[in-house]
Amino acid sequence: MTRTQVPGARNFQNLPINQEDKMNSKRIKGLSRRSTLKLLATTGAAVALPSLWQRTDAADTLVISDAGGTYSTAFKKAFYEPFSKETGVTVVQVARRNAPLAEIKAMVETKNYQWDMTGSIQSDSIPKLREGNLLEKLDLSGSDIAAIPDNMKSDLFLGNSVITFLLGYRTDRFKTDRPQNFADIWETKKFPGRRAMRNLARDMIEVALRADGVPGGDEIYKVLATPAGWSRAFAKLDAIKPEVKVWYSQSTESTQLLQTGEVDMIPLFNARAQVAVDAGAPVGFTWKNAFYGVEGWAIPKGTPKADLARKFVKWAANPQRQAEAAAILTNGPCNPNALQFIDKKRVELLPTFPENFKVQTPLNDDFWAANADQANQRFSEWLLKK
Amino acid sequence: MSEVAQTSAGGLRRVSFKWLPKLPLLPSLIFLVILFVWPVAQLLSRSFIGADGGLSLEHYERLFGTTLYIQILGRTFQLAGWTTLLCLLFGYPVAYIISKAAPTSRRVILIIVLMPFWTSVLVRTLAWMVILGRRGVINRTAESFGLIDDPFELMFGSGAVLTGMTHALLPLAVLTMLSVMQNIDNNLESAAATLGARGGQTFWRVYFPLSLPGVAAAGLLVFVSALGFFVTPILLGSPQEGVIAQVIIFQMEQALNWGFAGAVAIMLLVMTLITFAIFNKLIGMSTLSGDVPQGTAKRRNTSVRGQRLLNGLGWASAFIGDMLDRVSGRAGRSGSYRPRRKVITAVIAVLIIIFLAVPTFFLVPISFSENQFIEWPPRGFTLQWYNEYASSPIWQQATIRSLVVGILTAILSLFVGLPAAFVLARQQIFGKQAVMGFLILPMIMPHIIVAIGLFYLFSLVGLVGTTLGLVFGHTIFAMPYVIITIMATLRNYDTRLDQASWTLGASPLTTFRRITMPLIMTGVLTSFIFAFVKSFDELTVALFIAGGRSTTLPRQLWSETLFNITPTLAAVSTVMIVLVTAIILVTELLNRRKPS
Numbered sequence: 035m036t037r038t039q040v041p042g043a044r045n046f047q048n049l050p051i052n053q054e055d056k057m058n059s060k061r062i063k064g065l066s067r068r069s070t071l072k073l074l075a076t077t078g079a080a081v082a083l084p085s086l087w088q089r090t091d092a093a094d095t096l097v098i099s100d101a102g103g104t105y106s107t108a109f110k111k112a113f114y115e116p117f118s119k120e121t122g123v124t125v126v127q128v129a130r131r132n133a134p135l136a137e138i139k140a141m142v143e144t145k146n147y148q149w150d151m152t153g154s155i156q157s158d159s160i161p162k163l164r165e166g167n168l169l170e171k172l173d174l175s176g177s178d179i180a181a182i183p184d185n186m187k188s189d190l191f192l193g194n195s196v197i198t199f200l201l202g203y204r205t206d207r208f209k210t211d212r213p214q215n216f217a218d219i220w221e222t223k224k225f226p227g228r229r230a231m232r233n234l235a236r237d238m239i240e241v242a243l244r245a246d247g248v249p250g251g252d253e254i255y256k257v258l259a260t261p262a263g264w265s266r267a268f269a270k271l272d273a274i275k276p277e278v279k280v281w282y283s284q285s286t287e288s289t290q291l292l293q294t295g296e297v298d299m300i301p302l303f304n305a306r307a308q309v310a311v312d313a314g315a316p317v318g319f320t321w322k323n324a325f326y327g328v329e330g331w332a333i334p335k336g337t338p339k340a341d342l343a344r345k346f347v348k349w350a351a352n353p354q355r356q357a358e359a360a361a362i363l364t365n366g367p368c369n370p371n372a373l374q375f376i377d378k379k380r381v382e383l384l385p386t387f388p389e390n391f392k393v394q395t396p397l398n399d400d401f402w403a404a405n406a407d408q409a410n411q412r413f414s415e416w417l418l419k420k
Numbered sequence: 002m003s004e005v006a007q008t009s010a011g012g013l014r015r016v017s018f019k020w021l022p023k024l025p026l027l028p029s030l031i032f033l034v035i036l037f038v039w040p041v042a043q044l045l046s047r048s049f050i051g052a053d054g055g056l057s058l059e060h061y062e063r064l065f066g067t068t069l070y071i072q073i074l075g076r077t078f079q080l081a082g083w084t085t086l087l088c089l090l091f092g093y094p095v096a097y098i099i100s101k102a103a104p105t106s107r108r109v110i111l112i113i114v115l116m117p118f119w120t121s122v123l124v125r126t127l128a129w130m131v132i133l134g135r136r137g138v139i140n141r142t143a144e145s146f147g148l149i150d151d152p153f154e155l156m157f158g159s160g161a162v163l164t165g166m167t168h169a170l171l172p173l174a175v176l177t178m179l180s181v182m183q184n185i186d187n188n189l190e191s192a193a194a195t196l197g198a199r200g201g202q203t204f205w206r207v208y209f210p211l212s213l214p215g216v217a218a219a220g221l222l223v224f225v226s227a228l229g230f231f232v233t234p235i236l237l238g239s240p241q242e243g244v245i246a247q248v249i250i251f252q253m254e255q256a257l258n259w260g261f262a263g264a265v266a267i268m269l270l271v272m273t274l275i276t277f278a279i280f281n282k283l284i285g286m287s288t289l290s291g292d293v294p295q296g297t298a299k300r301r302n303t304s305v306r307g308q309r310l311l312n313g314l315g316w317a318s319a320f321i322g323d324m325l326d327r328v329s330g331r332a333g334r335s336g337s338y339r340p341r342r343k344v345i346t347a348v349i350a351v352l353i354i355i356f357l358a359v360p361t362f363f364l365v366p367i368s369f370s371e372n373q374f375i376e377w378p379p380r381g382f383t384l385q386w387y388n389e390y391a392s393s394p395i396w397q398q399a400t401i402r403s404l405v406v407g408i409l410t411a412i413l414s415l416f417v418g419l420p421a422a423f424v425l426a427r428q429q430i431f432g433k434q435a436v437m438g439f440l441i442l443p444m445i446m447p448h449i450i451v452a453i454g455l456f457y458l459f460s461l462v463g464l465v466g467t468t469l470g471l472v473f474g475h476t477i478f479a480m481p482y483v484i485i486t487i488m489a490t491l492r493n494y495d496t497r498l499d500q501a502s503w504t505l506g507a508s509p510l511t512t513f514r515r516i517t518m519p520l521i522m523t524g525v526l527t528s529f530i531f532a533f534v535k536s537f538d539e540l541t542v543a544l545f546i547a548g549g550r551s552t553t554l555p556r557q558l559w560s561e562t563l564f565n566i567t568p569t570l571a572a573v574s575t576v577m578i579v580l581v582t583a584i585i586l587v588t589e590l591l592n593r594r595k596p597s
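Here the protein sequences come in this chain order: A and B. Quick note: the first sequence uses my numbering, first residue 35, plus one each step. Quick note: the second sequence uses my numbering, first residue 2, plus one each step.
Here are the simulated lysine to any residue pairs, SDA-like style, with alpha carbons at most 20 Å apart: (1) 275/A x 154/B; (2) 420/A x 75/B; (3) 209/A x 295/A; (4) 162/A x 254/B; (5) 419/A x 65/B; (6) 419/A x 158/B; (7) 420/A x 74/B; (8) 419/A x 64/B; (9) 223/A x 151/B; (10) 275/A x 241/B; (11) 275/A x 159/B; (12) 162/A x 54/B; (13) 420/A x 154/B.
Okay, the calculated bits of chain A under chain B, using three or more residues with CB under 8 Å as the criterion: (14) 97–107; (15) 279–288.
These aren't lab readings, by the way, just hints derived from the structure by calculation. For each residue, glycine too, the CB sits at the ideal point set by N, CA and C.
Using the sequences and the hints, build the whole thing.
Below, the structure written as structure tokens:
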């Protein structure tokens, strides 16, 4: 009934029987208020028995979690269903919270795997998971994976798509002269209007330094190698702080802010801005000097389905599969060969379309993992100061 | 009066086994120790483990090495304090009006007051954005009348956060106070009037003291609930309204630093307990627990001082009423102050009830709008968003599952919480204040900590991914609401009624069923609703413990907002409100048909 147990994990196959025994013995004793309660609880357990140990999967089942919503729709069509059809493996799709670090840690430490692998996990989560030794090694062989750029894959993570953080704005506010890059957030005379910024240290420091003339990419981290570089970033942020009307924490909010005209200029993810454009809002955005992160596949350490999961990851690097996902999600496929399978109108909207991609630079996840605590604390203190 | 009842009841108890009446407290304590204290303590104990795996205070050094976290904690408490004050001020007249209203209008008001409960916190907050935003309802209306040139800055500040939080917690305050006011004997007021008390005096010296347990319980519930709020401050506030729950969640989920998160959580717990102790010292839990004040002379002085304050208020309001009469030339007309007081209270109450209903009334038109977003004004008319809900088995399954889990949670919370409330309200037990403090702790604990703690515990017994596990998880958060509400209800309960019933030959069970239950029904129903709503709107434990395979309504709403906040959310909220209202009305109709 249960699936193969992990060596060392406790075996609970006999649990339902124990529960029943307990229940019966309670029945024999008299009915005090307490025992009534217990009886009730155990009856509840008995009612829930079929789901008491939910993972009743056969050997050829793979449970994959993703961020839900549009991700689920896109991944189901592009990956899960085709994989099932091709291999006969049943893919069970489950939703998880946005950043699944805590889930992975809890699952690995308890050896209780609610899912065997995850999609749409962001690469900035990987250094923390690597530090905790919480991920399985991947199989990076094959031509599809070889086509994916090196900074989008590692032994523990395979990039699936690129998401870009860029400058979005209202085209009804800036009709002819449009903001060109992050530096224009600071041009309050040339581009008067309300600004929103993201309540996240990393993104704001990256934005500030770019606006201050640092080209981006490795140059950013050279500047941040000295305390003076950090001060430079915060000095730049000081200059814009009084003009910022909203500091948003949830990405969901960014679309709403731009779409309803609550603000006129806002750095946000490209897919968020695209949603507003698609809904017919007067919204534009610029790829220039933007920066990108990667989301992709990872496998929690020790899952009994690791081999099957590895197979899936290798298979999912297929350009046609990635192209199909990009038809629904406005994320750029990591495999450059995917672009040829996407129709012309759509492909120009994607972060990895060459015209868009060449003006962006990547985030360095390792740098930010090492500096996150310090950066977050300083940023929070800075924000709280009036 | 109650002093007499207490002593005589105590006298009766002394004959029987002393510990027996206290036993019903045990299930709730055992439940919380196993499902809350143990798993959470294990998680929080990581805050004493350093990076090298040995015992260390490094997380606390980091915590107190800056004023940042203390500042945020201070702001959290400030925000909770103001929210509580507003909820009590606004909630009291509404609860008062409901308790005095005729059955039909009472039902209507209750349905409106409960409305914020049936919309998820996310949707409610979005509704406030629609109303308060730069291009929101208020600003557009003001602009179209030419009142303003530049839109008001209504959003993203403490005003908006307080509005959102007060709106969210006001039903809690109203219902808690109502369940106490319900049991205040109307004859007492008539008696006071017969003895020559003016309207203001009757209220402040007779009614108000009797309603105090409800105020204390509502204050406690709202304050502690507000401490755990984070969605509203994040979405409606500025960084100045940052709350400590946000810090804990960030450290748990993004930074994966459970040690530091544990340290912050322990700081929050300690501060909450200190606040609770101060609350206890100032107001005295006796207002809630019903203990006869028998402490030091100092405590008695406090209550004397309180009595004098109320007397003062009574005289003052009677005097003001008198003055108003003279100004309006109605002096001498007997009884003229009574209707006027009623009118004023009614006007205030109606305004507050409108405040409660307003966000919902904006959501309904939006749910029929052709806009792709939740935005104002709605354009055209479409059933597209309802279609999306009705044609999706996922939405329906999520609705049903959430309803089932909510009802099971409410039942379990009542079964465990009700006996505990009886003991706490009626028995003298050692360390009662400590037990009370302990029982409210789950209310402030960020859900992510309980969720992860439970995951480790449930992994050992195979409860992860089960409905039962989820119900257990939700009951942890729901039970404190049940216990406090029922305790407050029992405060004005005359135990002599039970004794009378026993004297007349009824068994304890019959007495409970025929006498006690009908009398505390409002409180029981109220706490049932609280427990249900607590579960119905819960996301984190649902995702962690129930696994992602079978979805719940909050989870479905939340996935829906991942990329695009469509009017489907408004449609779902409208469906929920209609559904719940229909259930309430049908139950009423069925009850009415029953021959009494």
